[in-house]
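Fit the two chains together into the complex; they arrive one by one in their own frames, and the hints show the way.
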Amino acid sequence: MSAQLELPTVAPFFADKPDLLVEILGRYPDYGRRSALMPLLWEVQRAERHVGEARIAEIADILGLRATEVKGVMSFYSTYHEHPVGAYHLQICATLSCSLAGADELYDYLSEETGVVNGETDREGRFSIQKVECLGSCGSAPVLQINDDYYERVTRSRCAALLEAMRADRLEAPWRERSGDTDVADPVAARADGSPSGTGGAP
Amino acid sequence: MKVTVNDVEVDLAPGTSAIDAVFAAGYDVPYFCSQEYMSPVGACRMCLAKVGAPRKDRDGNWILDDETGERTIFAFPALLATCTSALSEGMVIDTLSEEVKHAQNGMIEFTLINHPLDCPVCDKGGACELQDRSYEYGSGRSRFEFTKRHQEKHHPLSDLITLDRERCIHCKRCVRYFEEVPGDEVLDFIDRGGHTYIGTVEHGLPSNFTGNITDICPVGALLDATSRFRGRNWEYDHTASVSLDDASGSAVVVDARTGRIERIKAGLHPEVNKSWIDDGIRFGHEYTADPERITRPLLRKDGELVEVPWPEAAAFVAERLKEFSGKDVGVCIRADATLEEGVAALALAEHLGTGQVDHAPRYGPTVMPPAQATLQELAVSDAIFVVGDVSEEVPAVDLRIKDALRGVTPPPLLPHGVPIADLRLKERMPRKREILCVAAPYRVDLMRHAGTVARYDVGGEETLFRGLIAIAEGGSADERVLGMTLAAAKAFVDRLRAAKKAVIVTGGFVLSSQAAADAAERFARAVGARQLVLGPMANAYGLEAIGVLPSHARYDYASMVAGGAKALLISNLDPAADPAVAERLAESRLLVVHDMFMTATARLAHVVLPAKSGFEKDGTVVNLEGRFMPVRAAPVDAGEAVDVTGLVRELGLAFGVRIEGRSVRSARRSLRKTLGTDLEELTGLGAFVALPRRRVAVSVAARPGVRGRALRVPTMVRQEYLLRNPHLLATLGGPALRLHPDDARTRALSHDDEVTVRVDGVPRRLRVYVTDAMPSGVVSVPALPDAPAGPADVDLDGIVVERRRLEVA
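Quick note, the sequences are listed as chains E and P, same order.
Numbering (this note's numbering) for the first sequence: 1459 to 1661.
Numbering (this note's numbering) for the second sequence: 10 to 818.
Hints are computed from structural coordinates only; laboratory data are not their basis.
From the three backbone atoms N, C-alpha and C, an ideal C-beta is built for every residue, glycine too.
Pulled from the structure, derived: some chain P residues nowhere near chain E, Cβ distances all over 12 Å:
#  : residue
1  : 64
2  : 121
3  : 153
4  : 217
5  : 241
6  : 314
7  : 335
8  : 471
9  : 492
10 : 507
11 : 627
12 : 641
13 : 667
14 : 674
15 : 679
Straight-line distance between alpha carbons at most 30 Å, and here's what the computed DSSO-like set of lysine-lysine pairs gives:
#  : chain 1 : residue 1 : chain 2 : residue 2
16 : E       : 1589      : P       : 157
17 : P       : 441       : P       : 509
18 : E       : 1589      : P       : 162
19 : P       : 110       : P       : 157
Isolated chain P, as found in the complex (with noise of 0.2 Å):
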């Protein structure tokens, strides 16, 4: 469709926007409310232009100017909102004339009447839409004298976000996100009139994706708690890169200054997570910047860790590692290392000749899917079957599901990028809740939006899966297996079958059983679904895909830990949380741990070598859906901390080999071999890369069944750094173990007492949530990389509390 904006014609799909027009001609024109996967409303009134448009008579024929034979351009009578108007054939938009830029001048006068301009204390100053298109299109000058409306300025609207409510110019950005994208509509405008202003009465925005409107508010209304004051827009380094707090492989921006993470923001990627990250990537990152964070290598001298240089730290552990046979070392690093970092490791192994490596957290069940789905087919997906809780385990799944049950198709990149306003996208609109089907052991949120809830029992996942093949062969199964009548799971199943791009998502619960990871495998080639796997973390699905694995199961990092390795270098992870293997830890010969912080397994070590968080390194992962993303290092002061590239290359030195490896760039040479591809070229957007699919040869050592009615469930924080997030830590009040009313009252818990109990042997210390999404008789605790999801025995009679929940008299 040709349309002609100022003096440029442009040629767009029908269907497009004006505003979008605009843009794709180069033209510029101010605009507040329009967002960018979001539907546009025409709120804010700055898009204004004059459009005109030819018109038919009534036997079909343009009208022509009579002198010049030329198309009749009829304007319309006022000027146009252009983000809410759709194109025409042959359609005229002028943005540069005098009366469009009077509209536009007058516009931002009004919208500036209210605004309070304390730009010179406002953390949005410097990215502030309303201060550049006041630059850009406003008189400079107000006409009003009166005294402006004053008010709340700090209002916690959650103890992560808080909102100004002077500084609000009304555009809506935040109320729509919360009903059009994570469908939670927590946010409102309330006394709507002359006195308008945002607020909740659900207390702390209760949705995992709050800090998202922060970056869409046009002023500084809506501010991240965690980076308020604490720096200005120009002062901030901003590294685009991948977060790798979950295997979603969300794109994130990180603010650095002077060598600190002040603040995350949602990176723009169209095939993952659009331009939304949930609020564990976002509020989570201030554990970098503890102060107990290890930032020279330790030697363990005279029974005490003390600081010492890394080629006295790397001497020790080459000189050490000489008294061992190669097999008897052990290498295992945490999945959410970078490929990178895994061809290091492997490297390693090589050089010490042992094939005990591997990486942890990982089950047994391979992540790699032979039917793979990708995370644009979920959003396009017309019969979506879940089985756990993704809200928590990857967020970001979540949100794609949700963009399946609004039914619209992903919209096509304009010239200048995601079109700002998809006229497609409507507020509140319906959706196809029918289409899904959500599983789980207790009540999940993912389940408000679902047609269809089951709820079967724990560790169930194997016999879900077989009844719903004995359903998809015309069979029957048990409604208490299955959680959800007979009639609704022939209904759903029949569904999948008949959907032409179903998808199965499955997570931590049904990779902690071999027999429920396949039973879902049959099941999904019974009825011809594509398959999602939620790795347990960033990089699982890279690391398996290259091969950091075991050469036999009994080398698995359990077993390494369990006395397998007489010498342990580990990365990452805290085996020594529990306390039978610490015993065993104690007694090892050399224990060298690669560790951001003391964790209970660094203290017991002869070295303790300081890492890099997912923040501070280079690389590559590979997310859920196999694609190959590139992370970048942030400028952040981490002191001699290094990844396990960093830490190869030091024990190189040390031995006097060249590892391959020993860089990210050693590493790259090493993968362009095995892989054909050169990561160095690996844009932001990342790429798919054809992998030998294998079937993972060695599988973790048989977990023990269920013994008790608990489980560990995956959550969108990271439980290891929970602590260390204070903000993220005021909001959650600390790790749950959830339970249902009925079992609290019967042990005498009261929401949130502080309690300590056994999981599985390890004390963890967890806080009472109190909760009827639990079904009676079912705890849960929150997962750890070397606790993950599934299973678990909870000593609940061996509970001990700790401290009472504060009685407020």
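Here chain E stands alone, though its shape is the one from the complex (with noise of 0.2 Å):
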């Protein structure tokens, strides 16, 4: 007998997360199951920068839907990824307050510095470029989103600083002129404990 074809399988995300499991699915009404659907998506971008086939369809299996449901909302929302981001996904903000202000130019010289164009992740993984509509800090463009971290007033030498604490992996927080969602020292310690983070967390 030949060989047999062995499609790549893919350890379950969420067989070794009963608890987080439990709890998402605890936030819920037995009838409204369906609604963790979009808790659950975002579990798995989060830990894997994107929401591959086989999450779609373990979802989709973990409250009754079919995969297409699963993907059908998905695909919604643009801040959920088909294929893997970069370590560091810089989302430029292409909306009019921010393109006066530079966003273009800001634009241009990421994705000059990076290799990269719009929608597209380089080869090592690191750096993905996005330009999203507005971001809702028009007072302080322009401004460029790197994960879930606004950085304002992004000018030419700033973004060069950036994108070399980038390259070293030396990002620091940044910086915010007013208290924003993510006035907190540790953005991502604040959302382990449960507290809302404004960009798809706890409800």
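Set out below in structure tokens:
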């Protein structure tokens, strides 16, 4: 008998996280089980920087849905990624205020420096660039969102410093002009303790 | 509730939608997203109308106009989507004013912004809702001059359905259909926003009811792949008929062009299939145009079958029949023959003086239960117990069960027909899963929707029902026999007994054992439930009702082919697929085969007579609920093919006798005497005719008991024609030998291997289908007309692998 074709199997993501699953599903009544779709997608994305097909199928299984439905919801949100984004997901606001304040030049600079264009991830998986619509921080344009954090008034020199820090994996938490929803010393730690993060964490 | 539409006052029930009021008043309003039997969502905004209503003051009195003294009509501030608006007392709906026309015109222009307008090459052209509404309500010109959005134009959603994403207008009918009707959400909007398209990640749309989306698509976006580019809508002859594919009696429309069936669409029958049909019915028509079809009579001359004119073939048969005493002749027709064909077969047998007349496939037990449920009763049932795999056996029943789960009664018909917008229906309605219990020897699709699931052992139907009877009588039963916990069984038996409209649905697995069928009937009586029995083929009910049955148990079909009949006339059956039977038939003195194709039996025959397919004959069938339904012939070129009435006519001419049933009319004259009803007058919806209910005195020869843990299972597609239906074959890959992954491993079989295996001694070429739906140690093969559903003997040790699965390097 010839060799069997084995499809690459992926270990289920939630199999070793029963507590997390119970916690997330417990937020919703039984008839509204499908509501857990968003937090589950978010958990996967936070861990894997994208939600792949196998994960979509796994989430559909957990919630008793079809994978198509999960995909339908997921594809509505530009913040869920089908393909892995880089360790540093650079989101450049391309709406009016930022544009007037030099976002287009900022984009050109970042693109040239990282070697990728809008929607791409570099070979090393370090940087992805995405043009996004208004981030709601027009007063401090231009705004660059790196992963979940806003970096405001990003001039050319500040941008160069940020790039350097990212290349060295020494990116510091941003300093915000006005206190915002990430106005805590360590936003990641704050999320971990269950407080709202504003980008898809606990409701 | 009185409402005024333009100048017409109509009186409709509260809860009716405004769009239905408009149509009930005889006016028209355009719409794309509303669809009969589906929830109204108000997505397309085409059905806008100016709506007003009177109001009451705080004291509950109508606010009256000071001058006229009539109720003041307060117009709603904006135009309303009539499909999502419920009527209120005194409502005034205006669909003709300039304001409304302007809005309709604007919406047409908006909908057409990105529509490619490729009507000249579009299969929907001539029968397209968008085309028609644009013509009726659009201005004929667009102000948008920029380049239209381009998207994929030939996207295969499955092997059976092709999607043109440019033509899609996002009415969401198809997406809603999958969630609301079969409950398989295999299609959804992807990338919702400015670039929305419909798509799936379930490859090939895994559902038995995918084809319906091509019927309800208001544009040419979703097309039936079997009919794509085959013809224009105005060239087709549309024949409203009844499907002979299964026992449901589903209404279909057969579209034929230049003597060839190009497309089957769902017909509307509010009490049977509503407007849905399964994929087996829709896509399983290509065999009728198979080039290998027999179109002229064949007579064996010098050992070779040669084409001869009908009179010569008939004369040969008549002459040879003289050699036999009547009782040595056997006549058997297939169980999807019409009543008229049944009459013809009976008349022929009577003329020959034989009691050896039968229809097959036929089980020993009756398909006419004493407490017969109808499909409408099933759809409003409050407790349903299903044994077997209805979704494959008679898929229309599966959908009616899902109606019951939604708990919305079938809508009353309005003057214009089925309500366009039934406001009781919603997207994602909660389903009353607890009212459904599904039991089967393996995992069946309907179990996903059932509150209680039972997996009993192969051939365990009798003990299952005996166990349930014991529980109903206050006793207890073994959980292994029940296939579920005792507590679950008790709870469901109590539910059945407490229910006002309980229905028990059983199919071939139960019918294949007299003891099981008796037990099912006793259980139904014990809990006060009605029964729906899924007969093996389209007219099993009717042929049993008019008595196309042998005069003695030892004269049945199995005995006939086993040597009981020295001369045999068989229609559309292939007993010689079994080599043991073939050996005996090869020695028979006269074998006349009436069939569409050169089957193994036809190859042995002395005379082969060309048969009509179910799409080509007129007649009547009785569906599984006992409803008489008219079958109408589509204009298909079938050469000199005849149905059984035609066969009897030709033989009668050769005998020089006028046999009853020599034509459909003659058979109906005969039936009028026995039924007291003229079937000529049957309308498309059919009718229930009171039948003298009798127990079948004769039963088929007792089948040997379970020898292995194997099953012949009912399938949605007709296996005898599967190899001649290229599109269905491509989708299914072939008749499946289904088995558990563990069994596949121990036998070194892998998914998609092609194998030959003996099923009850008959070698069958099958494709290995590895699935955990089968319990370990159990295998299933598809049932055939000559080997209907039930326990089987599958010789797995003698399995021969013909071709390994194509390996991908």
